[in-house]
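Participant: Model the placement of chains B and C on the given structure of chain A, informed by the hints.
Protein chains in written order, with the numbering used here: chain A, 68 to 381; chain B, 68 to 381; chain C, 68 to 381.
Copies of the same chain look alike in the list, so a pair counts if it works inside one copy or between any two.
Mimicking BS3-like on lysine-lysine, the simulated pairs with C-alpha atoms at most 30 Å apart in a straight line are:
1. Lys244 x Lys291
2. Lys234 x Lys325
3. Lys380 x Lys103
4. Lys234 x Lys244
5. Lys194 x Lys103
6. Lys291 x Lys325
7. Lys103 x Lys90
8. Lys234 x Lys291
To be clear, the hints were calculated from the coordinates, so they are not data collected in a lab.
All of these numbers come straight from a predicted model, not from anything done at the bench.
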Amino acid sequence: MNFTSVQDVQDVAALIDEAIELKNDPLAFRHLGRDKTLGLVFLNPSLRTRLSTQKAASNLGMNVMAVNADRDSWAIEFQDGAIMNGTTVEHIRDAAPVIGSYCDIIGVRCFPGLVSREADYDEHVMKQFIRWTGRPFLSLESATLHPLQSLADCITIAEHRPPHRPKVVLAWAPHVKALPQAVANSFSEWMCRLDVEFVISHPPGYELDPGYTGNATVEYNYEKALEGADFVYVKNWSSYSDYGQILSHDPSRMLTEKHLAGAPGAKVMHCLPVRRNVELSDEIADGPRSLLQLQAENRVFAAQAVLKRILQKL
Amino acid sequence: MNFTSVQDVQDVAALIDEAIELKNDPLAFRHLGRDKTLGLVFLNPSLRTRLSTQKAASNLGMNVMAVNADRDSWAIEFQDGAIMNGTTVEHIRDAAPVIGSYCDIIGVRCFPGLVSREADYDEHVMKQFIRWTGRPFLSLESATLHPLQSLADCITIAEHRPPHRPKVVLAWAPHVKALPQAVANSFSEWMCRLDVEFVISHPPGYELDPGYTGNATVEYNYEKALEGADFVYVKNWSSYSDYGQILSHDPSRMLTEKHLAGAPGAKVMHCLPVRRNVELSDEIADGPRSLLQLQAENRVFAAQAVLKRILQKL
Amino acid sequence: MNFTSVQDVQDVAALIDEAIELKNDPLAFRHLGRDKTLGLVFLNPSLRTRLSTQKAASNLGMNVMAVNADRDSWAIEFQDGAIMNGTTVEHIRDAAPVIGSYCDIIGVRCFPGLVSREADYDEHVMKQFIRWTGRPFLSLESATLHPLQSLADCITIAEHRPPHRPKVVLAWAPHVKALPQAVANSFSEWMCRLDVEFVISHPPGYELDPGYTGNATVEYNYEKALEGADFVYVKNWSSYSDYGQILSHDPSRMLTEKHLAGAPGAKVMHCLPVRRNVELSDEIADGPRSLLQLQAENRVFAAQAVLKRILQKL
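Chain A with its partners taken away, still in its complex shape (with noise of 0.2 Å):
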């Protein structure tokens, strides 16, 4: 059993639903993971994954064994068939199932080049984890993905749920490095699975993947798109189309109490880290409508679930 993206998981609902149970016991499955142990493999910086993760792991009794790769160990080869005579020292076809050899569970975090769509669309570093690591995998971020943070926003939706069925905007918002999509794509596709209308607003030229969108609305229209919004999901993303460029700064995308206007009951979200005053302001952050910092905290019920779920299956 892989998780890599909400294709692996037949009934979203009941996974929500038991992330939740185990957050109110969250030691209620401590004996499960006892002499399991978790390999998590970090191409790319983490604070939250990385905690959030052991915390889950630690709540059902495994072992972790934490990889900064590049920096404590080897730089991975990730091409069939290359000659190693440059900088990179292991191949993943060797370094892969040794990590296998040693954990019953692998996690790797593994974001785009942002210069080759093919490539990073492809997901062929994490496919080759997968493939070589002959071990459940679980992403904590892929190229294109980032399931366990989409199931945390899925399980923050959940507890603040109206009693009508709720409007969800993924809203664009400037930033000053050109982001993955992964989280925008991620979000999605889980939206797309649960029965909320799913509005997604940006300047035109950061269309999404529609692989990922689905029949979700795209309204270009920012003030139309908030209108009686339930949640407003801000996050910046780098164009997909022209792939990986910056193609707006506008500062009237960044989210602020003057937005809201027409959506009075919106609760804001943001999956961390954010750049305050730019992306969105203080006043929405420090605000009673954020929850971002309940998405953080949902993080470790989002990967015990998932955990959980992998380990009964071993």
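Facilitator: Chains B and C only, in chain A's frame:
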């Protein structure tokens, strides 16, 4: 309950006794920390603090999760209201409560910048962690103080206390780099709470913040200061008045056996790491006067006594 | 009890058997390491050694504390009597006993500088750790030897031993960087203790220190060396006589299937990380002859057998 200074301790002697009891039976409270997580955040390098605090937590049965901020994770912004369009990636207001939600107790190491005395002595970074994690806080050395070191120093002095009221000398020594005043400030405020004669000796211009040194005698004459000393604590610090500057490299302030002609029974202390043959001579470090290793060993029981008290109040 | 070389092992066959027993029942001694702490100090990168030693310790119920020296901690000075007014921050005489006071067993990885043969072959760094920690010492690869790797290699050979006395060939292969002789030295001294025909093949100028190779046959003709081989251990090393230099990039020394025409049953070994298509071809690495992954897997049981023996003598 926080532990950031001797001000957080009502009865210093009782805490020292408690630490010595733990040293005699380190696993006596091994069930106290069961299912509790200690989060350690390092904004600076650490050997003794890192390992001794981990060991202390492990003796109490706690889980430990350590993060090397800026390296494993994201560069943190500490200014309120910052427009985050620069190099910092996450605001302390967002990062700290996330760590707080995963951990029961938070330890942070945050050295001073040594540029602005106001900023450093305001302990802005530490205060932000305390404010925003919402958890009991353990200083692993802040901009101005190093209380776990001082507690370990007090344990070491208690173990070697002569029958008379001892004379303790804090002796400035030269160094190649500008160092914080934290160890010196902290040792001073703890000494002011013990029943000892406390003398500080340094070249003019190295006077410490009087808020920490209280009624200590400042004796500029090094020879006179050392006369009859029972404990000589060697340490470099940069200037407090001419903030962060090196005002002297005076090699006659490097402690050698010759200096201790008038203090035949004197024991020598240093918090480590020490620049040998710059701050003190090899003959001192490796000789029978040296308490350096004992101080380091006692770091475990200092941390364990404090963690035990925090756990008992959780 | 230290483990730095085959010299530390009285009965190699018995140690191999013990490791294989542990492989069949890894948790049989899970209570042996209870309340014992293994300290791992890495002065160099590590993947297999880091994870396999952690896993071995965990199988024995030990706590593990790892330090990446120079990164997590302080740059270490190894010269006695040094006037420490340069870039090193802490002397090994101070750092090592501190680590020793927190841990029951110490493992250290310390690669050679490959500049001074005298310094490297004196094992100055390792000896200082052994001397000053005052704890049982486990080499995680030193300047001249890699005994845990060699023990894992011996386990692997034992698992695939043919009915006849096997021919084992240590085959030098090209590489883009100057590498230590440690794996080659170590493999040689362990092979000299097994009942095997041991042949070493390399271009002229790559002769290893005869102190490790004993009565091994050196056969410069690669084809002749490989004839009838049961095990071919591929490995690069830099010159011992022209110390640390690369004397050959001879591509005909990259092991391919063609080389093994005269050794149809030969198994191929390498300690990893391997430069594919430089040291050996993909067809070898991914083919049925390859024992590379098995060697890596056996690292756990090599470490576990050694740690078990050390724990039993504590």
